[in-house]
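**Student:** Sequence:
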Amino acid sequence: MATIKPFMAYRPRKDIVSEVAALPYDVYNRAEAKEVVAANPLSFLRIDRAETSFDDSVDTYAPCVYAKAKELLYDMIEKGEYVADSKGMYYIYELTMDGRAQTGIVACASIDDYQNGVIKKHENTRADKEIDRITHVDTCNAQTGPIFLAYRAQEDIDNVINKIKAGTPEFDFVSDDGIGHRGWLVAAEDDINTVRDSFDKLSQIYIADGHHRAASAVKVGIKRREANPATTGEEEYNFFLSVLFPHNQLKILPYNRVVKDLYGNTKEEFIDKVKTYFDIETMPEAYSPDKKNTFGMYLDGQWYKLTAKSEITSEDPVEGLDVSILQNNLLNPILGIEDPRTDKRIDFVGGIRGLKELERRVANDMEIAFSMYPTSIEELFDVADANMLMPPKSTWFEPKLRSGIFIHKL
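Just so we're aligned: 235 in the working numbering is position 235 of the sequence shown, and the numbers increase by one with no gaps anywhere.
Read the hints as simulated data drawn from the structure, not as lab findings.
A few of these clues could be false.
Derived pair list, reagent style DSBU-like, types lysine-lysine, alpha-carbon separation capped at 35 angstroms [said to hold, decoys possible]:
no., residue 1, residue 2
1, Lys305, Lys344
2, Lys34, Lys163
3, Lys260, Lys70
4, Lys121, Lys267
5, Lys34, Lys70
Restraint-style ranges between C-beta atoms, simulated for each label pair [said to hold, decoys possible]:
no., residue 1, residue 2, range
6, Asp385, Thr96, 42 to 50 angstroms
7, Asn159, Asn265, 29 to 37 angstroms
8, Asp26, Glu170, 22 to 30 angstroms
9, Asp156, Pro392, 22 to 30 angstroms
10, Val27, Ala187, 43 to 51 angstroms
Where a beta carbon is used, it is the ideal one built from N, C-alpha and C, also for glycine.
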């Protein structure tokens with residue numbers, strides 16, 4: 001049973017929400033974040049990445065950076081730029097990209113569900129990345145970036161969403177990257193109860209994106225529980241800000257690979273080795289795979305189609321993923337990439353950047369590129385249901401949720 005509860009959000013005033021809304025903190029490096037904040041002083045990135053208020057000599061993770069984030073957030077609240085809702089409710093958040101919409105429920109998920117496996121994970125997290133967000137959440141006493149969760153579509157929730165979406169949205173804007181953002185309130189008690197009861201019936205919810213934010217929010221909650229022996233389990237720190245989307249509205253883009261060299265092989269030697277595991281076909285133009293177990297390869301100005309031979313495919317939830325097939329039968333044995341998490345010879349390119357970016361990387365700093373067929377949401381569910389983990393860089397979700405539109409105070 002999944003506990004997905006309504007909450008009282010702090011939300012930016014309607015006239016500034018489009019300026020405040022920001023891409024997740026971790027899609028930028030420090031220099032890029034400073035450029036965004038300089039161009040738009042209201043961007044929530046100045047709170048998510050408060051080092052943008054300091055000279056580069058100040059460490060990104062210095063205590064004064066987190067103190068600045070808190071100062072900036074509560075200054076916006078005091079100025080009335082953020083306004084608290086008067087009652088607990090759910091919210092609807094719709095994102096539209098290239099004419100395709102996905103609509104989620106903004107709510108708070110339970111740290112207990114995260115710990116007991118109702119909320120399922122498919123990635124490992126890194127302690128150093130967790131510490132940053134733990135400190136940010138704890139210092140600000142608020143969760144500012146939602147975790148992207150997925151659930152198997154429920155007709156009752158769809159009906160509530162469709163009914164409310166027929167009304168006037170609370171906000172409606174198009175961000176600089178062309179993504180449409182609209183939001184509504186789920187304020188009527190009957191609708192709140194329908195949504196809550198529908199989630200109550202689910203035994204699995206899945207983290208699609210935001211594993212580090214989720215782990216950090218949970219650890220802050222546990223820390224506060226331990227400091228409060230009288231905790232009831234209902235305090236706000238027992239829950240974390242989320243947007244939950246039905247699985248049939250989600251689209252995963254490929255996560256492509258580029259490698260710096262051929263690991264001492266000549267082009268001919270390399271291709272001969274690849275033929276052991278894959279059928280190779282020369283392609284007349286840039287190739288993006290159109291089905292599972294096929295891969296694009298760009299080498300020496302030429303695109304190829306690789307098709308995995310049947311003996312290297314698998315029904316195992318992890319070993320059968322295309323990212324695993326490529327890693328286990330080409331990147332590791334032929335190109336010497338033993339651990340893609342740490343090997344500096346490999347890099348990963350989100351599918352949103354397209355095949356031209358792969359060609360550009362090969363022309364500049366890499367020797368070979370691979371275009372992937374995207375992992376499906378069903379494959380993600382299968383891996384999580386088996387309590388297994390995906391290889392790194394298996395999924396790229398678009399569009400990205402914006403931070404700063406909904407704030408969950410602890």
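**Student:** Now tell me if each hint is right for this structure.
**Tutor:** We went through each hint and held it up to the structure:
1. Lys305 to Lys344: holds, 26 angstroms
2. Lys34 to Lys163: Status violated; Cα separation ~41 angstroms.
3. Lys260 to Lys70: Cα-Cα ~42 angstroms, so violated.
4. Lys121 to Lys267: Since the Cα atoms of Lys121 and Lys267 sit roughly 39 angstroms apart, the hinted pair is violated (cutoff 35 angstroms).
5. Lys34 to Lys70: Status holds; Cα separation ~18 angstroms.
6. Asp385 to Thr96: 42 to 50 angstroms: Given a distance of about 30 angstroms, which is not inside 42 to 50 angstroms, the answer is violated.
7. Asn159 to Asn265: 29 to 37 angstroms: Cβ of Asn159 to Cβ of Asn265: about 58 angstroms, so the range 29 to 37 angstroms is violated.
8. Asp26 to Glu170: 22 to 30 angstroms: holds, 27 angstroms
9. Asp156 to Pro392: 22 to 30 angstroms: violated, 37 angstroms
10. Val27 to Ala187: 43 to 51 angstroms: Because 32 angstroms falls outside the window, the suggested range is violated.
Hint check: violations occur at hints 2, 3, 4, 6, 7, 9 and 10; the rest are consistent with the structure.
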